[in-house]
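Novice: Place chain B on chain A using the hints.
Top line first, the protein sequences correspond to chains A and B.
First residue of the first sequence? That's 1 in our numbering, and the numbers climb one at a time after it.
First residue of the second sequence? That's 1 in our numbering, and the numbers climb one at a time after it.
If you are wondering where the hints come from, they were derived from the structure by calculation, not from laboratory data.
Treat the hints with caution; some may be incorrect.
Said to hold, decoys possible - Quick list of simulated restraints, FRET-style, between CB atoms:
no.: 1; chain 1: A; residue 1: Thr-417; chain 2: B; residue 2: Asp-281; range: 12 to 22 Å
no.: 2; chain 1: A; residue 1: Glu-358; chain 2: B; residue 2: Ala-63; range: 55 to 65 Å
no.: 3; chain 1: A; residue 1: Ser-94; chain 2: B; residue 2: Asp-329; range: 38 to 48 Å
no.: 4; chain 1: A; residue 1: Ser-155; chain 2: B; residue 2: Glu-31; range: 16 to 26 Å
no.: 5; chain 1: B; residue 1: Gly-176; chain 2: A; residue 2: Arg-104; range: 25 to 35 Å
no.: 6; chain 1: B; residue 1: Ala-170; chain 2: A; residue 2: Ser-107; range: 34 to 44 Å
no.: 7; chain 1: A; residue 1: Ser-155; chain 2: B; residue 2: Ser-241; range: 50 to 60 Å
no.: 8; chain 1: B; residue 1: Glu-276; chain 2: A; residue 2: Gln-91; range: 41 to 51 Å
Unchecked claim - To list a few chain A residues with every Cβ distance to chain B over 10 Å, as calculated:
no.: 9; residue: Ser-47
no.: 10; residue: Gly-66
no.: 11; residue: Ala-76
no.: 12; residue: Pro-98
no.: 13; residue: Leu-396
no.: 14; residue: Arg-399
Treat the numbers as computed from the prediction; the structure is a model and nothing was measured.
C-beta: ideal position from N, C-alpha, C; glycine also.
Number of protein chains: 2
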Amino acid sequence: MPQSQQPVAPLTPTLEAARSASLALASAPSEVKNRALGAIAAALRGSVDEIIAANRRDLAAGADNGLTSGLLDRLALDAARIETLAQAVLQIVSLTDPVGEVVRGSSLPNGIKISQVRVPFGVVGVIYEARPNVTVDLAALAIKSGNAVVLRGGSAAENSNRVLVGLIQAAIASAGLPAESVQTIDPFGRAGATELMQARGYVDVLIPRGSASLINAVVTQSKVPVIETGAGVVHVFLDESADAQWAIDIVHNSKVHRPSVCNALETLLVHKNAAERLLPDVLARLTASGVTIHGDARTRELYPDSVPATEDDWSAEYMSLDIAVKVVDSLDAAIDHIRRYSTGHTESIVTNDVVNAERFLNEVDSAAVMVNTSTRFTDGGEFGFGAEVGISTQKLHARGPMGLPELTSTKWIVRGTGQVRA
Amino acid sequence: MPQSQQPVAPLTPTLEAARSASLALASAPSEVKNRALGAIAAALRGSVDEIIAANRRDLAAGADNGLTSGLLDRLALDAARIETLAQAVLQIVSLTDPVGEVVRGSSLPNGIKISQVRVPFGVVGVIYEARPNVTVDLAALAIKSGNAVVLRGGSAAENSNRVLVGLIQAAIASAGLPAESVQTIDPFGRAGATELMQARGYVDVLIPRGSASLINAVVTQSKVPVIETGAGVVHVFLDESADAQWAIDIVHNSKVHRPSVCNALETLLVHKNAAERLLPDVLARLTASGVTIHGDARTRELYPDSVPATEDDWSAEYMSLDIAVKVVDSLDAAIDHIRRYSTGHTESIVTNDVVNAERFLNEVDSAAVMVNTSTRFTDGGEFGFGAEVGISTQKLHARGPMGLPELTSTKWIVRGTGQVRA
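Same shape as in the complex, but just chain A (with noise of 0.2 Å):
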């Protein structure tokens, strides 16, 4: 690190090293951003046991600190896991490089031409919890976009994620771009995420990735334009001409396939003229998984085999095998319900009726609204963007899952011959 005779922030080094970084990652071609990934992708390959050498020291202390069974999982990296996240790299090479692409653009009357092109947001400082697959997607993400990334993993994946860094470095640094165009901020422990959130004209953009006190926590605290990714409150409505088979499918589907994500369902409304017929068949697949029903009285009336929802349970992300279940009177009962509880993440609506269809498309205000599919459907690989950086549940400047397109900003071009304004 340069020494400097004032006395300087800590992270002041690292982020100037950001932001000299940015700037040869903002003019890389495609094909040298790409050879970076491949270099990538082959250092996760040929160091499989290394990483999995790290990844038991965070493992065994993790297990020491009392971390659940859940959290273990997510910090556990096994050669599978490793593959995986090589091959999703190498998916990265495979999409289009955003920088560049014209937005819009138009001749005005004077005969200049303008365009509004995309480019790299410069520095992404991202903020995260121990998942140490997340430190080389957000990697991958980031080169390909032309942005340096400042990362702050969680304490619980320090070693996974330092030797990851460190082999991202070297492969980025083969391949002639600068090794700091990834760095972490690990070392400096929380003050380091203390200034990352102040770090105004160093860090242009910060993403909070984790639980929902510690988005919360960046949102409220951060001096940097933050991107909110969020948390799921999901909703699924069973309209009164609902396909019985349609509901029992989607809603399986979206609360069982995979309980711990933020689209998967926690809340299940039901028109009141569909309770009896499709609630039974329903609940009685979610029962046969291991899912505990929360039902209001009209739910437990009709499947006695639940608990008694309370208020809580309306505004409750499970992330687990729990489910609450409400039967309401009319499309706006369950509008007026999602509109209070939900957080606008996902919410599918299971309706034969065109009408009800658009109206739910229409009135419910949230990242995704679907119309007979399941939630699980809200997510950037099903979408089609390769990997994701997150799903951003705020409306500015992204919302639903974020791809390479939402890590560039525009500037406009502008081609004159000598013009002048009047």
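Specialist: Coordinates of chain B only, in the frame set by chain A:
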């Protein structure tokens, strides 16, 4: 205002009314929104005397409070300016409604159709200074884009804004939309502005317009996502090959056409090999228009009718008939200077060299980068956007002149026929 058993923050009823109005606006057809805008234009034309009377009270108070002549000019409304405002509102009627525009979409391999469509933000907050025209422009842009707006104008324009908001609300109501689509929180004073910045969940985006200190205060204090509109330390670089007449015209127009606005030129850079050929004529034209030249040593050798530039001049946004001038050794030196001192608003190169033009466009990271045109063209009206929300100098969401699309978010519409995730 609704009564509550609980103590509520003073702004809560206003913000709840805005949220409620935003739901009606989000689904209002274009023809209804356009009818409201037509009624606003008619109300402005029909109430010229009333508006001018209120504005005179503000002007008198401003004179008593020692406002500068520049600020008093921005505050003043007369019949001609009110007619210009009415015409701007009617121009917004003629623009395409951004709500519902499909940004992109595709069919997934399983037959699901996804499309990303523009939707209103919901509730937009605007904090601005004593320019009553902003009240009308923002109200019209917000309604057209389906957003409710909560306005905090400067206390210096309080009488003008109260009359304008009253007229606007009556006009909106006459078109069948909620009057609370446009509200002012001026009666809540500074505390209202502070509360507005904390109103996460009520306000979707906050736009500060005004002085650098106002913008900085909002950016650093707001917990609501902010779009920064900004200061402009704008540069023109005269390259070695610059056409002399273009150089003279572009520099003069960029500096003198309207010195008090953010796209006006502040610092002129000249290649050392062109300085002797270009500077005397370029600067003489400025001097003839009353511009004070703040030159570096090499500039003053070539053009003695100038004062010495200090370090502060390179970061000055004069907003007056002053200009900083520096001779640089190369294009690289020009780009380095711009990187160091620019606020990222607008920079223009005057050159006849294709390679240098492309390097400047690629390597200068500002909202607008130009070749051979006046910097005064960075403007929503000039770009064909109709009116303008402001000029964003941040990289998130919007960059450069902001029109109607920049007042929208998007959501993903997902249509299936029973698909679930495998």
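Novice: Hint by hint, note whether the structure agrees.
Specialist: Taking the hints in turn, this is what the structure says about them:
1. Taken as a hint, the range 12 to 22 Å holds for the pair Thr-417/A and Asp-281/B, whose Cβ atoms sit roughly 20 Å apart.
2. At about 56 Å, the CB distance of Glu-358/A to Ala-63/B agrees with the hint of 55 to 65 Å.
3. For Ser-94/A paired with Asp-329/B, a C-beta distance near 43 Å keeps the hint of 38 to 48 Å intact.
4. The given range of 16 to 26 Å is broken by Ser-155/A and Glu-31/B, whose C-beta atoms sit roughly 57 Å from each other.
5. For the hinted restraint 25 to 35 Å between Gly-176/B and Arg-104/A, the CB-CB distance of approximately 33 Å keeps it satisfied.
6. A hinted range of 34 to 44 Å holds for the C-beta pair Ala-170/B and Ser-107/A, which are about 41 Å apart.
7. In this structure the hint that Ser-155/A and Ser-241/B lie 50 to 60 Å apart at CB holds, the actual value being about 56 Å.
8. Under the hint 41 to 51 Å, the C-beta atoms of Glu-276/B and Gln-91/A, about 56 Å apart, miss the expected range.
9. With a closest Cβ-Cβ approach of about 32 Å to chain B, Ser-47/A is found to remain outside the 10 Å limit, as its non-interface label requires.
10. The claim that Gly-66/A lies off the interface holds: its Cβ sits roughly 33 Å from the closest Cβ of chain B, which is beyond the 10 Å cut-off.
11. Ala-76/A, annotated as away from the interface, keeps every beta carbon of chain B farther than 10 Å; the closest lies near 23 Å.
12. Under the 10 Å C-beta cut-off, the non-interface status given to Pro-98/A relative to chain B holds; the minimum distance is some 12 Å.
13. At the 10 Å boundary, the C-beta of Leu-396/A falls inside the reach of chain B, the nearest C-beta of that chain being 4 Å off.
14. The Cβ of Arg-399/A does not lie farther than 10 Å from every Cβ of chain B; its closest approach is about 5 Å, which violates its non-interface assignment.
When held up to the earlier numbered hints, the structure conflicts with 4, 8, 13, 14 and fits the remainder.
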